[in-house]
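Engineer: Please build the complex by placing chains S, U and F on the supplied structure of chain W, with the hints as guidance.
Protein chains: 4
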Amino acid sequence: MSSRWIGQLEYRVPYADTDQMGVVYYANYLVYFERSRNELMRAMGLTYKELEQRQLGLPVVSAQIDYKTPARYDDLLTIRAELAWVRGVRLQVDCSVCRGDQLLAMGHTVHAVIDLRSLRPARLPDELLARWSQAVPGAEAAPAPIAAAGAAAPPQPTTVRNA
Amino acid sequence: MSSRWIGQLEYRVPYADTDQMGVVYYANYLVYFERSRNELMRAMGLTYKELEQRQLGLPVVSAQIDYKTPARYDDLLTIRAELAWVRGVRLQVDCSVCRGDQLLAMGHTVHAVIDLRSLRPARLPDELLARWSQAVPGAEAAPAPIAAAGAAAPPQPTTVRNA
Amino acid sequence: MSSRWIGQLEYRVPYADTDQMGVVYYANYLVYFERSRNELMRAMGLTYKELEQRQLGLPVVSAQIDYKTPARYDDLLTIRAELAWVRGVRLQVDCSVCRGDQLLAMGHTVHAVIDLRSLRPARLPDELLARWSQAVPGAEAAPAPIAAAGAAAPPQPTTVRNA
Amino acid sequence: MSSRWIGQLEYRVPYADTDQMGVVYYANYLVYFERSRNELMRAMGLTYKELEQRQLGLPVVSAQIDYKTPARYDDLLTIRAELAWVRGVRLQVDCSVCRGDQLLAMGHTVHAVIDLRSLRPARLPDELLARWSQAVPGAEAAPAPIAAAGAAAPPQPTTVRNA
Numbered sequence: 001m002s003s004r005w006i007g008q009l010e011y012r013v014p015y016a017d018t019d020q021m022g023v024v025y026y027a028n029y030l031v032y033f034e035r036s037r038n039e040l041m042r043a044m045g046l047t048y049k050e051l052e053q054r055q056l057g058l059p060v061v062s063a064q065i066d067y068k069t070p071a072r073y074d075d076l077l078t079i080r081a082e083l084a085w086v087r088g089v090r091l092q093v094d095c096s097v098c099r100g101d102q103l104l105a106m107g108h109t110v111h112a113v114i115d116l117r118s119l120r121p122a123r124l125p126d127e128l129l130a131r132w133s134q135a136v137p138g139a140e141a142a143p144a145p146i147a148a149a150g151a152a153a154p155p156q157p158t159t160v161r162n163a
Numbered sequence: 001m002s003s004r005w006i007g008q009l010e011y012r013v014p015y016a017d018t019d020q021m022g023v024v025y026y027a028n029y030l031v032y033f034e035r036s037r038n039e040l041m042r043a044m045g046l047t048y049k050e051l052e053q054r055q056l057g058l059p060v061v062s063a064q065i066d067y068k069t070p071a072r073y074d075d076l077l078t079i080r081a082e083l084a085w086v087r088g089v090r091l092q093v094d095c096s097v098c099r100g101d102q103l104l105a106m107g108h109t110v111h112a113v114i115d116l117r118s119l120r121p122a123r124l125p126d127e128l129l130a131r132w133s134q135a136v137p138g139a140e141a142a143p144a145p146i147a148a149a150g151a152a153a154p155p156q157p158t159t160v161r162n163a
Numbered sequence: 001m002s003s004r005w006i007g008q009l010e011y012r013v014p015y016a017d018t019d020q021m022g023v024v025y026y027a028n029y030l031v032y033f034e035r036s037r038n039e040l041m042r043a044m045g046l047t048y049k050e051l052e053q054r055q056l057g058l059p060v061v062s063a064q065i066d067y068k069t070p071a072r073y074d075d076l077l078t079i080r081a082e083l084a085w086v087r088g089v090r091l092q093v094d095c096s097v098c099r100g101d102q103l104l105a106m107g108h109t110v111h112a113v114i115d116l117r118s119l120r121p122a123r124l125p126d127e128l129l130a131r132w133s134q135a136v137p138g139a140e141a142a143p144a145p146i147a148a149a150g151a152a153a154p155p156q157p158t159t160v161r162n163a
Numbered sequence: 001m002s003s004r005w006i007g008q009l010e011y012r013v014p015y016a017d018t019d020q021m022g023v024v025y026y027a028n029y030l031v032y033f034e035r036s037r038n039e040l041m042r043a044m045g046l047t048y049k050e051l052e053q054r055q056l057g058l059p060v061v062s063a064q065i066d067y068k069t070p071a072r073y074d075d076l077l078t079i080r081a082e083l084a085w086v087r088g089v090r091l092q093v094d095c096s097v098c099r100g101d102q103l104l105a106m107g108h109t110v111h112a113v114i115d116l117r118s119l120r121p122a123r124l125p126d127e128l129l130a131r132w133s134q135a136v137p138g139a140e141a142a143p144a145p146i147a148a149a150g151a152a153a154p155p156q157p158t159t160v161r162n163a
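Residue numbers (our numbering), protein chains in the order written: chain W, 1 to 163; chain S, 1 to 163; chain U, 1 to 163; chain F, 1 to 163.
Treat the hints with care, as some may be off.
Any copy, or any two copies together, can satisfy a pair, since identical chains are not distinguished.
[Claimed, not checked] Mimicking EDC-like on lysine to aspartate or glutamate, the simulated pairs with C-alpha atoms at most 16 Å apart in a straight line are: (1) K68 - D101; (2) K49 - D75; (3) K49 - D115; (4) K49 - D74.
Bear in mind the hints are in silico, worked out from the structure with no lab data behind them.
Next up, chain W with everything else stripped away, as it sits in the complex (with noise of 0.2 Å):
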C-alpha cells in the first residue's frame, strides 16, 4: 500500500540545470524536491494548490540534502518524496533523486504550516492531519488512532484519488 503515498516523477535534466563543472548545479535540488513534494501531495489526495486555495501554505523552515553522484545534462532522473511525520502545524519530506538505480542525492526538507492571508502558523485541518498521517511509512502498522464510540473512521486511502 505505501506506493501510494509516495510522490514520484521522472525528469529530464535540461542544459539549463547544468553549470560549468558540467553537472546540474546543486541549487537545483531543491527544485527536483518541489516538484517531488508537488506529486507526493497530488498522491495523498490534495495538491498543494487546492491547499492554496483553501488559504494554507507550507513554506519550508529548513533543508537538508546530501549529494552522492552528480546528475548530468540529459539524465532521466526519478525524483521521489515521502512523508516523514506530520504534526498540527508542522510536518517532515524526505526526499531523493536517483540515475536509474543509483543514488545521486537525498535529503528533506521541514515545513511549517501558514495561514496565507496572514502568513502567520495555523494548524493543519484535523482531517488533514489524519489523512497525512497515513501517509507516514509505518503508520499502517502504528496502533490505530483512537475512535470513541461513533467517531467517524479516518478517512481510508482508499478515497485517494491520485490525478
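Structural biologist: Relative to chain W, chains S, U and F alone:
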C-alpha cells in the same frame, strides 16, 4: 542629463548562471534585463515595488535578444536599461549587457500596463505617463508637450529621487 | 509524417517557476523552449548530448518570444519545437507553449553551429544538414535534393530513432 | 582583523527570485550562499575562478539551511560567508542572509576538494591549506601551528590580495 534616466547596475556572474558550455545560460540574460529595468524605474523616481503598491503591474508581452559574445563565470557585467517609448497602455525598454567596453548582448522587452487586482489592461496614470515620457532618449529635444495656458508643467526630472 | 519531426513534451509547472505576480516568470519560457529543442533533436535522430560528443554545439545567437496568456503553478503545459530552417552554419527553431488547446507563448531561437573545442563557427556535417533539412515543415513537398548519378540518397526519416 | 576573512556582498532581490507566495523561493538561498562563497575566496586571496585554473574544484557534498524570515522583492540583502573549518580534502563554509540587522536565513555547505581533470578527490596544496586555515574564526587565537624556535610566523593576512 540623459544619464539620470538610465537604469544601470554591476553584476558579478555566479556559477549558478553558467551552463556546461562554460558560459552564461541564455535565459539568464532576461533576468539581467529585469535587474536593469528595476534600476531604471528607481532612477525614474518610482520603483516597481511602489508601482505594485499602486496596484499596477508591467508584465512582459514580448522579448527579443541578440547574443553577441558569451558572458562567463566571475565576469563583472554592466547591465543597462533605458526607456525606448511609452504610451498609456504599453512601453518598451531597451537593455544591454557589457563586460567593460565589450557589448555581450542587447535586446528589448515590451510591457503591458495592467491592474494587479483584475490582471486586466489598464492605463498609466497621466502623472506617470508624463514623467516617464521625459525618460525616453531624445524627449528633451522634442517639442514641448502641449501646455495650455495655466496648465501645470510636466514634472521635472529634478524632482526625481534616485534611491 | 511531419509529427515525427516535432519535439514535444509535457511539463508540470513547479512553484519554482512562478513569481510574485502569481504567474510563470518570463525568463523560464526560454528554458521551456530549450526542453522542447532537446526533444526535437531526439526526434530527429541525434540528441544534443550526442552532438556535443561530436564536438559540435548550437549556442543561441538570438531569441524572440511573445507572451499571450500567463502559465500558472501546477499547469500541465505542452511545449513544442520544430525546425523552421537550417543552413550549414545556422538554424532556427520555432517553439510554442500551450495549456490544453490554449496557446500561452510562442517564439523562436536562432542557433549558430560551433566547434566546441575552439568555440568558433563550424559547418554542420553534410549528413546532418541533409537529415535535418527534411525536418523543416514543407520539406517533403520541396524538389528532391539534387542527386548526382551515383550519389547516395539523403538519409531517410525512417531511419530516425525516437528515444 | 577577522573581517578581512569574511566574504560579503549586497544583493538586490529581483522579481525572478520570488514565487507566488510573494517571497524569495527557497532554492535561491543556495545561490546566495554561492555568491558569498565567491567573495570569501576573493577575500582569502585566490578566487574560485583562479582555483579552477589550477584544476581544482570544490563541489558541494552537503548543504543545510534554516529559513527564519522571508526575503522579499527589492530587498537589499547582505550575504556573508566565513570558513568554518578546512582540512586537506574537505572544508565547510557558514553563510547567512540578512536584511539590515535582521537575520533571514543561515546555513552551511560542506565541500570536497577535487581534481577537475579526473573529477576525483584531491588534496589542497599545502600553501592553500595553510592560508585558508588562518581564515577560520578563532584561528588567530589558536595555539600557533608547529613553530620551531625561530620559525617563520604563519603567512600574514597583509599578503592577501582582495580583488
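Engineer: Give the relationship of K68 and D101 under a CA distance limit of 16 Å: within one copy only, between copies only, both, or neither.
Structural biologist: within (13 Å within a copy, 36 Å between copies)
Engineer: Have a look at K49 and D75 and pick one of within, between, both or neither, based on CA distance no larger than 16 Å.
Structural biologist: Only across copies: K49 and D75 sit 10 Å apart there, 28 Å inside one copy, limit 16 Å.
Engineer: Between K49 and D115, at a C-alpha cutoff of 16 Å, which is it: within one copy, between copies, both, or neither?
Structural biologist: within (14 Å within a copy, 24 Å between copies)
Engineer: Is the C-alpha distance from K49 to D74 at most 16 Å within one copy, between copies, in both cases, or in neither?
Structural biologist: Between copies, since 7 Å is at most 16 Å while 29 Å is not.
Hint compliance for this structure: no hint is broken.
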